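**Student:** Just so you know, the protein sequences line up as chains A and B, in that order. For the first sequence, our numbering assigns the number 1 to the initial residue and increments by one for each residue that follows. For the second sequence, our numbering assigns the number 1 to the initial residue and increments by one for each residue that follows.
None of these hints come from the bench; they were simulated from the model. Be aware that one or more of the hints could be misleading.
In the SDA-like style, the derived pairs of lysine to any residue whose C-alpha atoms are separated by at most 25 Å in a straight line are [to be verified]:
| # | chain 1 | residue 1 | chain 2 | residue 2 |
| --- | --- | --- | --- | --- |
| 1 | B | K56 | A | I300 |
| 2 | A | K69 | B | D284 |
| 3 | A | K385 | B | L254 |
| 4 | B | K340 | B | P287 |
| 5 | A | K63 | B | E328 |
| 6 | B | K340 | A | I300 |
| 7 | A | K63 | B | P184 |
| 8 | B | K282 | A | A136 |
| 9 | B | K178 | A | G312 |
| 10 | B | K340 | A | D85 |
| 11 | A | K63 | B | T66 |
| 12 | A | K63 | B | E74 |
| 13 | B | K229 | A | D85 |
| 14 | B | K340 | A | G312 |
| 15 | A | K385 | B | D284 |
| 16 | A | K385 | B | T66 |
To be clear about the criterion: a stretch of chain A counts as covered by chain B if any three or more of its residues have a C-beta under 8 Å from a C-beta of chain B, and this derived list gives those stretches [stated by the list, open to error]:
| # | segment |
| --- | --- |
| 17 | 76-89 |
| 18 | 134-147 |
| 19 | 336-349 |
| 20 | 381-387 |
In this text, all values refer to a predicted model and were calculated from it rather than measured experimentally. Just so you know, even glycine gets a beta-carbon here, dropped at the ideal spot from N, CA and C.
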Amino acid sequence: MRYKLLPVITAGLLSYVTLCVHSLEAISDREMAEVSGQAFITIDDSSYNSGSGDWAGNYEFTKVNLGLKAETLVNIAEVKLGKFDRTAYEDGTVPMTDENRNIVYENGQPAVYDSDLHLNNFALGRVDNYMDGALAEFVPFVVSNPYLELAYKIEGSERRVAGFRLGFENAQGDLSADIISYTGFLEGEVRGSARTAYDKTYPNGCGFLDVNCYALAAATDTEIYSNIEPLDGNTGNGAPNLGVQYLKRASWFGVRNGNNFQSDESGLIAALIPALTSSDDCIILGNVDSCFPSTIYQSIYIGDKDTDFETGSASGLFVSIQTESVPWEDLSGVPGSDRVLTERGAFLNIARYQSGNETKFPLYLDLDEAVYGTPRVATCVGRIKGC
Amino acid sequence: MRIIDFTGITALLVFSAISYADLARMDDKQLGDSTAAGLGFALDDFMLNSDSAVLKVTGINDSTGTEIEVDWSELYIMGEGSESGTNPTTVDIGSYLHPWTINTVRGGADWDGDPSTHHSGEYAAIGDDIALIEINMERYTSAAQNTKNYVDTCLLSSDPSCASMAAIRRGGIDIGSKFEFVLPNGSDFLDIDIRGAYMDGTSMRLWSRDNVDGDSVLYADLDILFYAKEIDIGVCDSGCNPATSSLNIDNFYLDINFGYGEIQPFIIDVTSDGHFEFELAKPDPGPQGVNPNDSDAMIAFYDDFYANTPKSNVYIGNIQVGNNTAGEAIFRDMSIQYLKVTSQDLN
Numbered sequence: 001m002r003y004k005l006l007p008v009i010t011a012g013l014l015s016y017v018t019l020c021v022h023s024l025e026a027i028s029d030r031e032m033a034e035v036s037g038q039a040f041i042t043i044d045d046s047s048y049n050s051g052s053g054d055w056a057g058n059y060e061f062t063k064v065n066l067g068l069k070a071e072t073l074v075n076i077a078e079v080k081l082g083k084f085d086r087t088a089y090e091d092g093t094v095p096m097t098d099e100n101r102n103i104v105y106e107n108g109q110p111a112v113y114d115s116d117l118h119l120n121n122f123a124l125g126r127v128d129n130y131m132d133g134a135l136a137e138f139v140p141f142v143v144s145n146p147y148l149e150l151a152y153k154i155e156g157s158e159r160r161v162a163g164f165r166l167g168f169e170n171a172q173g174d175l176s177a178d179i180i181s182y183t184g185f186l187e188g189e190v191r192g193s194a195r196t197a198y199d200k201t202y203p204n205g206c207g208f209l210d211v212n213c214y215a216l217a218a219a220t221d222t223e224i225y226s227n228i229e230p231l232d233g234n235t236g237n238g239a240p241n242l243g244v245q246y247l248k249r250a251s252w253f254g255v256r257n258g259n260n261f262q263s264d265e266s267g268l269i270a271a272l273i274p275a276l277t278s279s280d281d282c283i284i285l286g287n288v289d290s291c292f293p294s295t296i297y298q299s300i301y302i303g304d305k306d307t308d309f310e311t312g313s314a315s316g317l318f319v320s321i322q323t324e325s326v327p328w329e330d331l332s333g334v335p336g337s338d339r340v341l342t343e344r345g346a347f348l349n350i351a352r353y354q355s356g357n358e359t360k361f362p363l364y365l366d367l368d369e370a371v372y373g374t375p376r377v378a379t380c381v382g383r384i385k386g387c
Numbered sequence: 001m002r003i004i005d006f007t008g009i010t011a012l013l014v015f016s017a018i019s020y021a022d023l024a025r026m027d028d029k030q031l032g033d034s035t036a037a038g039l040g041f042a043l044d045d046f047m048l049n050s051d052s053a054v055l056k057v058t059g060i061n062d063s064t065g066t067e068i069e070v071d072w073s074e075l076y077i078m079g080e081g082s083e084s085g086t087n088p089t090t091v092d093i094g095s096y097l098h099p100w101t102i103n104t105v106r107g108g109a110d111w112d113g114d115p116s117t118h119h120s121g122e123y124a125a126i127g128d129d130i131a132l133i134e135i136n137m138e139r140y141t142s143a144a145q146n147t148k149n150y151v152d153t154c155l156l157s158s159d160p161s162c163a164s165m166a167a168i169r170r171g172g173i174d175i176g177s178k179f180e181f182v183l184p185n186g187s188d189f190l191d192i193d194i195r196g197a198y199m200d201g202t203s204m205r206l207w208s209r210d211n212v213d214g215d216s217v218l219y220a221d222l223d224i225l226f227y228a229k230e231i232d233i234g235v236c237d238s239g240c241n242p243a244t245s246s247l248n249i250d251n252f253y254l255d256i257n258f259g260y261g262e263i264q265p266f267i268i269d270v271t272s273d274g275h276f277e278f279e280l281a282k283p284d285p286g287p288q289g290v291n292p293n294d295s296d297a298m299i300a301f302y303d304d305f306y307a308n309t310p311k312s313n314v315y316i317g318n319i320q321v322g323n324n325t326a327g328e329a330i331f332r333d334m335s336i337q338y339l340k341v342t343s344q345d346l347n
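Chain A on its own, in the form it takes in the complex (with noise of 0.2 Å):
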């Protein structure tokens, strides 16, 4: 059901915020009448019993939306959010790792990053040109119709908050930040020729009988795609492994245990890809590694940078806090989705989205940035972060 806060309150307010000192004139009563009001607020009330395990049960939500569209550069050094205590291998929890992948170790016990979403250097949109202070452009994020949604679980005759979310109908732009550790769900696609990850994986050439590296070699330049999304990085496992929705203060990102590059192309070789490039912990084809620190994707654009934001901007973007479990709609328009599972503590939603008729991912990758990282844009004038 959707409900409009049209034009009383709406007109009182535009006609009083007019601080232009321009000379104004009154309007008569009957253009006052022709006035038709904006619906710059709506609200939608839902509800949802269709969930099972911890989302069974009765939820109500109730969605406010407001019509704005928002241009912005700005920078937050840090941002922490879900700030409590997890116990590692819990609920998700991944245990907090050094450089090398080894657990770090508190009191006997592995370490956990102390909160769900802890990013440094936070910022969105970026600065073009910006060691050049007579060039310098701003570049924002571009937001469209935010909305702020409570989550009720109903029990009995108890109705009770379970959850909040921020989110935007619609955004695009750079989002930059050193990303300390993550909870939610942040999709990315790496994709490269075979022939990169030959050139990778066998820089001196095949070995005697090394049938992987010929049936690579051969490959060449068919295209091969892998989904990359937070892991542990200790073991190299992913949300599926563990049987959990999402992972819980994750710092890696890459291919997780199991998962493996596929090819669109049809043939012999291109049918081999799969077997040829599954991960296992950190690792395919033997020795490239499968799993990347967090801190290397420094900027994500989110959209489609190539085309402006009416036809490329991403949908279901969010960031949601919640005491338990709450399913939230998607709002993706990804076809077939249905409800984003969140459980208690903070979660950021990045994720696949439509566009038109195709699904696409926030994060793509070439098989050299999965390795090495997206470097980070400017988003201050002379420096490139910290201001």
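Keeping the supplied structure of chain A fixed, place chain B upon it in accordance with the hints.
**Tutor:** Structure of chain B alone, referenced to chain A:
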């Protein structure tokens, strides 16, 4: 329906020269003769309680055009300790020594002279050829009573002086209200209780200057400071236990700075098609006389801007329902270099 009760509104004073002597009432002529540099007021022993009064908000439709209703009730503003408005408690909103004020003052930046004035002093970043209007909520110099200082000391760090500051700190304001959204299929409720709120340090400055087209434009600089010890949001009309069903937020702190004088003014406008626009403009080197075509000078200008512009901060101590916590939330040192918000129709 009952009429809203106000009790104990006792003070309205001109404060250009604050005196510790007894106050004497001014007659209309005396008041008319005064050319005060500013006006201050305080509400002593204040309490507002709407009891069962209900304000009905209309003009809200659902998507089918059916009008729905928002009932706004149980509004109260009381002193801390009111127990969600059930225990009538008065509060001082401002005081004779720390009133809310409306001033007309001169900017403090000598754009053509000493650069050290650009970022120092009370009215930095606003030219000294400008007369600005300033609206201030209470301002305290006492470390314990100044809310920004108190939060920095006691919430954002663990300074040992915190305990002694907390012991002498004044009580805050309790504010609450209830909203019922009467929908075709039932009602939604929001019952909001804010305990121990403070807004001292909040200010707004307004001034006007001609733009490049020669039009006189009103600019603003807005600093919002809000701290509440606790916010409870219930979503039941009755039949719920608040201890297990309400959203409880501890130590909610907002320190938001929109605008930095003439270098980055905050502009509010309306478009020709009736939509509002808020803009925090791109930093302007013009007031400081920096040549925008000089790359090195512009880099220095931005270095100066980043070093001196007040940052914004948000802190939430804990978010909890029943025994389930979602923990703390921190946004530290937010710097908005550009922001433009325009309203648009929702289809």
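**Student:** Taking 25 Å as the top limit, are the C-alpha atoms of B:K56 and A:I300 close enough?
**Tutor:** Given pair B:K56, A:I300 is violated - Cα atoms ~46 Å apart, limit 25 Å.
**Student:** Mind taking a look at whether chain B covers the segment 76-89 of chain A? Criterion is 3 or more residues with CB to CB distance under 8 Å.
**Tutor:** holds (count 9)
**Student:** A:K63 and B:T66 were given as a pair; does the straight-line alpha-carbon distance stay at or below 25 Å?
**Tutor:** Satisfied, since the Cα-Cα distance of roughly 18 Å is no more than 25 Å.
**Student:** Hint check: A:K63 vs B:E328, CA-CA at most 25 Å. Holds or violated?
**Tutor:** holds, 24 Å
**Student:** For the pair supplied as a hint, B:K340 and A:D85, is the alpha-carbon distance within the 25 Å limit?
**Tutor:** violated, 38 Å
**Student:** Does the structure keep A:K385 and B:T66 at a Cα separation of 25 Å or less?
**Tutor:** Between A:K385 and B:T66 the Cα gap is close to 51 Å, so the pair fails against 25 Å, i.e. violated.
**Student:** Going straight from one Cα to the other, do B:K178 and A:G312 come out at no more than 25 Å?
**Tutor:** violated, 41 Å
**Student:** Three or more residues of the segment 336-349 of chain A near chain B by CB distance under 8 Å?
**Tutor:** holds (count 3)
**Student:** If you draw a straight line from the CA of A:K63 to the CA of B:P184, is it 25 Å or shorter?
**Tutor:** Satisfied, since the Cα-Cα distance of roughly 16 Å is no more than 25 Å.
**Student:** Between the alpha carbons of B:K340 and A:I300, is the straight-line distance 25 Å or under?
**Tutor:** holds, 22 Å
**Student:** Measure nothing beyond the straight line between the CA atoms of A:K385 and B:L254; if it is 25 Å or shorter, mark the hint as holding.
**Tutor:** holds, 24 Å
**Student:** Would you mind confirming whether the straight-line C-alpha gap from A:K385 to B:D284 stays at or under 25 Å?
**Tutor:** The given pair, whose Cα atoms are some 20 Å apart, holds under the 25 Å limit.
Hints 1, 9, 10, 16 from the list above are not met by this structure, while the remaining hints are.
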